[in-house]
Amino acid sequence: MSAYRFAAAALLFATPAMAGNKLIVPGERIAVAKSPLTVQPTSEWNRLGARRGRNAETWTIDGDSLNDLTFYGGIETGKPLFREANKRSKPLPTVGATMLVTDIPVLFENTYRIALGTATMTVGTIEPVTFAGAKGVRFTYDFVREDETLHRRGEARGAFVGGRLYLVTYEAPALHYYDRSVAAARQVAESARL
Amino acid sequence: MRTIAAALAATLLGAVPLAGAAAPVADKIAPLPPYVAAYQPTNVDERGAWMMADEYERHLRDSPEVIRDPALNAYVRGVLCRTVGDDRCKGVRLYILHIPAFNASMTANGAMTIWSGALLRLRSEAELGAVLGHEFGHFELRHTVEGFRNQRRGTDVMAWASVLMTNSAALQVGVLGSLYRFDRGQEQAADMLGVRYLAGSGYPAAAAADVWERMMSEADATAIGRHRKADQRYTAGFFATHPTELSRATYLRAFASGVDGGGSAEGVRYREALAPWLPMLLTDQIKRNDFGGSEYLLGRLAADGWTTPLLFARGELYRERGNPRDLVNAAEFYEQAIERGDAPPEAQRGLGLALLRGQQTDAGKAALREYLRRKPDAADASIISTLVAS
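Line order of the protein sequences matches chains A and B.
Position 145 of the first sequence, counted from 1, bears residue number 145 in our numbering, the numbering being contiguous throughout.
Position 292 of the second sequence, counted from 1, bears residue number 486 in our numbering, the numbering being contiguous throughout.
Warning: the hint list may mix true and false statements.
Stated by the list, open to error - Here are the simulated BS3-like cross-link-like pairs (lysine-lysine), alpha carbons at most 30 angstroms apart as the crow flies:
1. B/Lys559 with B/Lys569
2. B/Lys569 with A/Lys90
3. A/Lys79 with A/Lys90
4. A/Lys22 with A/Lys79
5. A/Lys34 with A/Lys90
6. A/Lys34 with A/Lys87
7. A/Lys22 with A/Lys34
8. A/Lys79 with A/Lys135
9. A/Lys34 with A/Lys79
10. B/Lys423 with A/Lys87
11. A/Lys135 with B/Lys559
12. B/Lys423 with A/Lys79
13. A/Lys135 with B/Lys423
14. A/Lys135 with A/Lys34
Quick caveat, the hints were computed from the structure, so don't treat them as lab data.
Please build the complete structure, drawing on both the sequences and the hints.
In structure tokens:
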């Protein structure tokens, strides 16, 4: 029984064939998440080959469990944020055509609750912000992954442009790592343009 | 992810999860066996299982998922003690986990967990007692160690088979099947012991059957809400670790019918004790992206009438699905909650956002202004202000 389930669990966490990780050179404006979204970092980052979804891309400094800057580039109506691990029994919420900016944090929170299997995920402050030239939202969040005790903190910026959702999230362990790279992550998120 | 990871963890730890339950009907209730306290592991298998269970319990000590509220813990423990008796419940450490699904488990060393989703779905002390008694039954019958031994024997056979035979697929299937059947037998035994505790506790013994019947209905509602066929299986498949809910409900009902009356199920007392937790439990459920199951659950909870927290939760459920027809319904539910006079400020927020999404701009803004008036320091006050101003 355990062997059977272990195989199932291993499949769940398996990542697709990797294109390889790549160093992001500071100062250049580059397109992210296979989308029209571009950013211009002023410090070095590493782009991970593994992607959470078709239109997602993750950057990190020390490894994605220590600092994770993820771009979601133009998620269409009816699509979830991530690739669904189990579409049948754990479908993820999808982007809706009539969604308001206040629905972005809700969509993100519910996606994390289901995908990470944790009810500890909560959204903190939600503020208006200009993101990629559009009227958007900035929100903070906190969570602990399933079966862990490490508290993680995050900050996200998002907006709907032309009916598609653009979102940049930064998350890291609240202890040490979050504060260490939050300035660099904010700089990248604030440089976003469409 | 949760179910598989949890099931894997539970298997490794020797915990016996509750989900899914069938047993032979006893002709009459035998007296409960005498209980031996402070049992110590006696052999290498048992010591191993206990060591892993101890480690799991150490993890629970620091886990943010454990709900540590003293009043709630005392209440749930009180029901356990009434069900299984004081001498049996004394050694149990009870952990209430903040996980919005229906489950409970018990490890070999006597650590019992119950998930917050179970507290939301149960309706009375008798039902809670039925679930906790079932888990205690596994512990008293030492199923966790038996299961561990049986599994080890099974996997040893498979390891040898793969070395000795090039094509051992048929044997693997046979061995796997016996493991699952063993689990179903254990579940039945624990069910029957659980219902005997219940019979001796003064709670009505039929409560156990009610739990399984509602679980079937909820699973059907979830499937239909996701545009699938209701796939509730009414016979246990080859790989099923638990009897089907239908067979569980049937044999438990048959057993209960042979037991004299029983006392009150204490449904009112249960609702009162859970009332401070209801908003959190409902919020967790709404966020599961399970419209059909949540709608079914809200309907069952509202069997005695729609209360303010239930109306508010239903508004949130419909607003999050967000079809134009859902937004109309959501606004109606929020309004009904507000009319009752004791709705939280968030009901105005939900009403405003539902109306805004439904193109009723002026009425929506008015509701949002009311939300800001009642909760000026809300975490989302600034973004709501921009929606009102736009």
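So, going through the hints one by one against the coordinates:
1. B/Lys559 with B/Lys569: With a Cα-Cα distance of about 15 angstroms, the restraint between B/Lys559 and B/Lys569 holds, given a limit of 30 angstroms.
2. B/Lys569 with A/Lys90: With Cα atoms ~35 angstroms apart, B/Lys569 and A/Lys90 exceed 30 angstroms; violated.
3. A/Lys79 with A/Lys90: 14 angstroms, holds
4. A/Lys22 with A/Lys79: OK: A/Lys22 and A/Lys79 at ~27 angstroms, within 30 angstroms.
5. A/Lys34 with A/Lys90: 26 angstroms, holds
6. A/Lys34 with A/Lys87: Given that 30 angstroms is the threshold and the Cα spacing comes to 23 angstroms, the pair holds.
7. A/Lys22 with A/Lys34: Holds, at about 15 angstroms.
8. A/Lys79 with A/Lys135: 21 angstroms, holds
9. A/Lys34 with A/Lys79: 16 angstroms, holds
10. B/Lys423 with A/Lys87: 15 angstroms, holds
11. A/Lys135 with B/Lys559: With a Cα-Cα distance of about 18 angstroms, the restraint between A/Lys135 and B/Lys559 holds, given a limit of 30 angstroms.
12. B/Lys423 with A/Lys79: Answer holds: B/Lys423 to A/Lys79 is near 22 angstroms, not above 30 angstroms.
13. A/Lys135 with B/Lys423: 42 angstroms, violated
14. A/Lys135 with A/Lys34: Distance of about 22 angstroms is within 30 angstroms: holds.
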